[in-house]
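Undergrad: What follows is each chain in one-letter form.
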Amino acid sequence: AAGVIQSPRHLIKEKRETATLKCYPIPRHDTVYWYQQGPGQDPQFLISFYEKMQSDKGSIPDRFSAQQFSDYHSELNMSSLELGDSALYFCASSLERSGTDTQYFGPGTRLTVL
Amino acid sequence: AQSVAQPEDQVNVAEGNPLTVKCTYSVSGNPYLFWYVQYPNRGLQFLLKYITGDNLVKGSYGFEAEFNKSQTSFHLKKPSALVSDSALYFCAQGSGSARQLTFGSGTQLTVLP
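Protein chains in written order, with my numbering: chain A, 1 to 114; chain B, 1001 to 1113.
Hints are supplied without guarantee of correctness; some may be wrong.
Facing chain A, from chain B, some residues (calculated, C-beta under 8 Å) [what the hints assert, rightly or not]:
1) G1043
2) K1049
3) F1063
4) F1067
5) S1070
6) V1083
7) A1087
8) F1090
9) R1099
10) Q1100
11) G1104
Which residues of chain A face chain B? A partial, calculated answer using Cβ under 8 Å [unchecked claim]:
12) F45
13) Y72
14) E75
By construction, these hints were calculated from the structure, which means they are not laboratory data. Source: prediction; values computed, not measured. All C-beta atoms, glycine included, are put in the ideal place defined by N, C-alpha and C.
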């Protein structure tokens, strides 16, 4: 079965640079979520989109923005990168707007900020 | 705000023995509870979820979890552990209105041969 695809899998950036992470949800899934997992930490919710509209917002810094496109893929844009942004960024997708639906996670993008 | 607690950072069990990974949740309406497993440098894999119905939920790879409303717990269990079950396990709670998952701190399970 098709899974959530994330690209790139690894990304190395310098401080103050920008980064764009991409997420391709499972086909027919209409909801995308972004999570950040720091070293040795649990995943923290950043933001989610339902039917191309932002639906919930978590602990996402103002330097970050995201959107969901007409084909349901999503991009997380990160600017003015800081050392503390180094983390594993997960995208998850689900079908239909409900807290009960299962979120299926992608393999993650490991961002390293030098 | 909802919260999820996993009181054990590390659980060790011998192969073939039953395993339990503990999770308690905060009460906030109807709890929607999930278990995920994470292998090193991999994404989170869905194991099982409780929405409503039977308190004993069966999931992937022989895992099951028991929902206990009076104790606000959702412990993950498996009758006979395998070495390949060694991984990081996360309990998570989702709400009906917000769509975000709140994760516990994770429990590292090590199954010893």
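Undergrad: Okay, which hints does this one fail, numbers in order?
TA: 3, 4, 5, 6, 7, 13 and 14
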